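K.L.:
Here is how the chains run, residue by residue.
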Amino acid sequence: MAVLALHDIWKRFGATIALAGAAFTQEEGEIHALVGANGAGKSTLSHVISGHIQPDSGSILLDGRPQRLGGAREAIRAGIAMVTQETSLAPDLSVLENIMLPRLGMPGRLHWKAMRRDAEELIARLGREAGVSVTARVRDLAIGQRQIVEILKAVALNSRIVIFDEPTASLSPRETELLFDIVRNLAATGHGVIFVSHRLEEIFSLCRSVTVLREGRVAAESVPLRDLTQGELIRLMVGRELSDIYARSGAPARAVREEPVLRVGHLDAPPRVRDVSFTVHAGEIVALAGLVGAGRTEILEVIFGLSPAHGGRIELDGKPFTPTSPRHAIRAGVGLIPEDRGMLGTIPDFSVRENLLLAHLGAYRGFGLGYRLRRPAIQQLLSLLELPEHRLLDANLLTFSGGMQQKVILARWLMLSPRLLLLDEPTRGVDIGTRSSIYALLRRIAAEGVACLVVSSDFEEVIGLADRIVVISDGADVTTIPSELIDIEKLAMFAAPRSSAERTHAILEMLAEREGGVAFWIGIEGGRVFCFDRVGSNRAADPGFDRGGFPEIVATRIPAALGRRVPRFIEEPDGALATMLVPVRGRGGHEFGLIGVTVPATSARRDEAALARVIRARLEGEPARNAA
Amino acid sequence: MSKALATSGRTPARRPVQSRVVRLLANQIELRMLVLLVVVMAVLSRISPYFLTTNNLLNVMDQSVIAGMVALGQTLVILIGGIDLSVGSLTGVSAILLGLTFPHHGVPLAIVACLATGAALGLVNGVIITAGRIAPFVVTLGMMSIGRSMAYVLSGASSIGNIPASLAALTSDSLFGIPIDFLCLIAAYAIAWLFLTYAKGGRTLYAIGSNVEAARIAGLSVNLWSIAAYVVAGFMSAVAAVFLTSKILSIDPIGGVGEELDSIAAVVIGGASLFGGRGSIIGTLGGVFIMVFIRNGLNLLNVSPYWQGTAIGSIIIAAVLVERLLSGGRRRA
Chain A
1 MAVLALHDIW KRFGATIALA GAAFTQEEGE IHALVGANGA GKSTLSHVIS GHIQPDSGSI
61 LLDGRPQRLG GAREAIRAGI AMVTQETSLA PDLSVLENIM LPRLGMPGRL HWKAMRRDAE
121 ELIARLGREA GVSVTARVRD LAIGQRQIVE ILKAVALNSR IVIFDEPTAS LSPRETELLF
181 DIVRNLAATG HGVIFVSHRL EEIFSLCRSV TVLREGRVAA ESVPLRDLTQ GELIRLMVGR
241 ELSDIYARSG APARAVREEP VLRVGHLDAP PRVRDVSFTV HAGEIVALAG LVGAGRTEIL
301 EVIFGLSPAH GGRIELDGKP FTPTSPRHAI RAGVGLIPED RGMLGTIPDF SVRENLLLAH
361 LGAYRGFGLG YRLRRPAIQQ LLSLLELPEH RLLDANLLTF SGGMQQKVIL ARWLMLSPRL
421 LLLDEPTRGV DIGTRSSIYA LLRRIAAEGV ACLVVSSDFE EVIGLADRIV VISDGADVTT
481 IPSELIDIEK LAMFAAPRSS AERTHAILEM LAEREGGVAF WIGIEGGRVF CFDRVGSNRA
541 ADPGFDRGGF PEIVATRIPA ALGRRVPRFI EEPDGALATM LVPVRGRGGH EFGLIGVTVP
601 ATSARRDEAA LARVIRARLE GEPARNAA
Chain B
1 MSKALATSGR TPARRPVQSR VVRLLANQIE LRMLVLLVVV MAVLSRISPY FLTTNNLLNV
61 MDQSVIAGMV ALGQTLVILI GGIDLSVGSL TGVSAILLGL TFPHHGVPLA IVACLATGAA
121 LGLVNGVIIT AGRIAPFVVT LGMMSIGRSM AYVLSGASSI GNIPASLAAL TSDSLFGIPI
181 DFLCLIAAYA IAWLFLTYAK GGRTLYAIGS NVEAARIAGL SVNLWSIAAY VVAGFMSAVA
241 AVFLTSKILS IDPIGGVGEE LDSIAAVVIG GASLFGGRGS IIGTLGGVFI MVFIRNGLNL
301 LNVSPYWQGT AIGSIIIAAV LVERLLSGGR RRA
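Protein sequence lines, in the order shown, are assigned to chains A and B.
Taking the working numbering, the leading residue of the first sequence gets 1, the next gets one more, and so forth.
Taking the working numbering, the leading residue of the second sequence gets 1, the next gets one more, and so forth.
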């Protein structure tokens, strides 16, 4: 029997009908995806389930009994909890206090000892890998860890149903994996999980069934995901075919390769940016790929004059460029589309029109407003954005959908005909239907000769959108690679921060020293070697690639060994080098590339089996996989 | 923070069903003030036959000049989400400068010295608040104390008399039957209105108060205009000092006491949000008039002056409540 069933839910906000007969059914121990384009009502429906919003009509059955959820507190009592995207934690309280916060609102005396025991048990059960301690102050935790505390808080209420509202939006791939482990654990222990997201790859890897909303109605109810393809799901969400959401029209416009518009050399801006070099040409989309905290946003901030550089060089159109303020950068032809549209991109008290003209106001040199000068440009932009003119007079940009807000903010900069556009997570919080139109817009902007520098944590987006990818890890560029040469897995390994690659690095150091050669961590794909890490400087044992390199196998010095890929020393035909390669697997059982060591052929030792065992034991043995 | 959360929530905001009239009043602070003014005037003229006489109206104009000048500067500061508690003290200290200068250098130069003092101390406020990133409440509270103290130090705690006739003429002369000082007030508000509506700097003040980070990223000169708001507030305090001197024909270190609260009250009654980004200079002028009317009306009715505070205070709170109801509870004022 269904734990939770909603039928014929209607909800109207003013003139907008958010839900028009929506329905939803949740089974016990099931991870159920709730998807839909922005404005489809998925957020409203999840808030109805969590008691935050009262439906106008409709029935809610909990264990088959009619239930009226008068508010969030009643929903919590009924065993329904919600994990929101913007965490609702108190930053100055400890993890323990935050987890137990809802209990503070319940009658009766508090039993700190028991609460602490419960919290520790919860962490042991769900969040051990995240390294969260009950006494830590929430302020000191990483975003991913905060999210986990939020989940623990929900579970601590003995919730039978936990709703996740776009939980991975700000998480790195590693944190996402950790979160998914927790979600699977939850489901395995009998909790029902409702997963609201618009990242399809996540839905497919995590959820069992899906309910699709479109314009407040159910487009598909409780369909098993194994019966659907991504394309079919997209069609259900947007009601039409999306042949290619990344709008790539054959080869990118790379014909014009003159001087780069932007050249960044050894940029140093502590604490987050250490040593970053890359270029962006006119007409090109370059992505800074990496995890949250790798320093990507900070690179944009330096280029836009929001924070100072400590060392290194920035050149704009071949001339040295040291921006001292956003104003300075804007006058030099740079524009920034920040990640947080609400907090950094919008003036809430201005009309949409004035928000559109905001960057013009910043760039305008006269005393007056000069709005009239831009009238022709506005007309042109409106048709580009597919925005009806009367919406310009709307009092508040924040009532627009995320995608439309983003388009208005993009248009704000286009009006100034920039040389270089910096975009920080341009599609965050934008649904898949609108995303494709933003990609198309960016392509068009690039095609008109604007250099685009995009920061994104979504590796699929990075590969789909960018011409070239600069991988950033721990404030330094690891490699720059054309996007058609790389896949998501390789990108994630390049981007791995020192903290998570430490174990591999230690093994490489051990190998290089013990064998007296060069040790490396690589991936192989399409006849190329992707070198994620390399230790050892013995010239005589150089395999022919460095960290960040991605040469073709035939161009390396060890093609024979790379062709065989076996955990034995393989001598190259010329007899100079011998190389041993050990394929390794990650925690989740997925391929994790190869660990290899190259030595001069004469000094190759023959205890290969023991060596392979040591590598595997140190890489795969610890920490033990969660018993899921 | 709270305002960003209130407006950017993911769930659609609950909008009350509004009639057209309510919507019009909600969106047009100026219209709302006009309606309120007419109502107040109608009530007062019904209660007291003396209210609408020329003499009393001249009296009302006279009383609104000083409060109005100070409230103008205060409006700009509140628009950027700041507050200036030092305006009263700056009136006091710049009046003393006026009194110390005119016996030796003549009235024109003395007025320049007075205005320069106000603007300079406003500049100090603005630079410390903006460059030092210190809460405006704290900085201007400090300046409030410093200004008053300097007024006593410079004057030796005694009042200055023998105000020249040319200075007195500022408030005693009139043009087409309207007092010169009142014409100056109207001119100042007209300039401020034009600036806030049609100049880049004016819109920048609104943008700063609404979302300073977004304004900075759009390339607006956030620091420059933030400082400018405090400079204008200091300058207008000094303008008030000139008219105050001209009116009471004596300069006292205690001049301008309480102006800070009066000016903030006028701005709030005028519909501005203390969080910044929302407000209107015409609304502030209306707020000044309403406060003067209420005081004047209570006088005409022979109500004890001790009741004035209660009346004004109630209006402040009522104004904010109305603002909140009209804006559908979206924002705190």
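Treat the hints with care, as some may be off.
[Said to hold, decoys possible] So, partial list: chain A residues that the calculated Cβ filter (under 8 Å) puts toward chain B:
id	residue
1	89
2	93
3	136
4	327
5	338
6	346
7	348
8	350
9	364
10	366
11	367
12	368
13	369
14	373
15	604
In short, the hints are calculated from the structure, not lab data.
Please read these numbers as outputs of a predicted model, since none were measured by experiment.
Positions of the beta carbon are idealized from the N, C-alpha and C atoms, including for glycine.
K.L.:
Does each hint hold? Answer for all of them.
P.N.:
Hints and how they fare:
no., hint, in the structure
1, 89, "violated, 14 Å"
2, 93, "violated, 17 Å"
3, 136, "violated, 23 Å"
4, 327, "holds, 4 Å"
5, 338, "holds, 6 Å"
6, 346, "holds, 6 Å"
7, 348, "holds, 5 Å"
8, 350, "holds, 7 Å"
9, 364, "holds, 6 Å"
10, 366, "holds, 7 Å"
11, 367, "holds, 6 Å"
12, 368, "holds, 6 Å"
13, 369, "holds, 6 Å"
14, 373, "violated, 13 Å"
15, 604, "violated, 58 Å"
Comparing the model with each earlier hint shows violations of hints 1, 2, 3, 14, 15; every other hint is respected.
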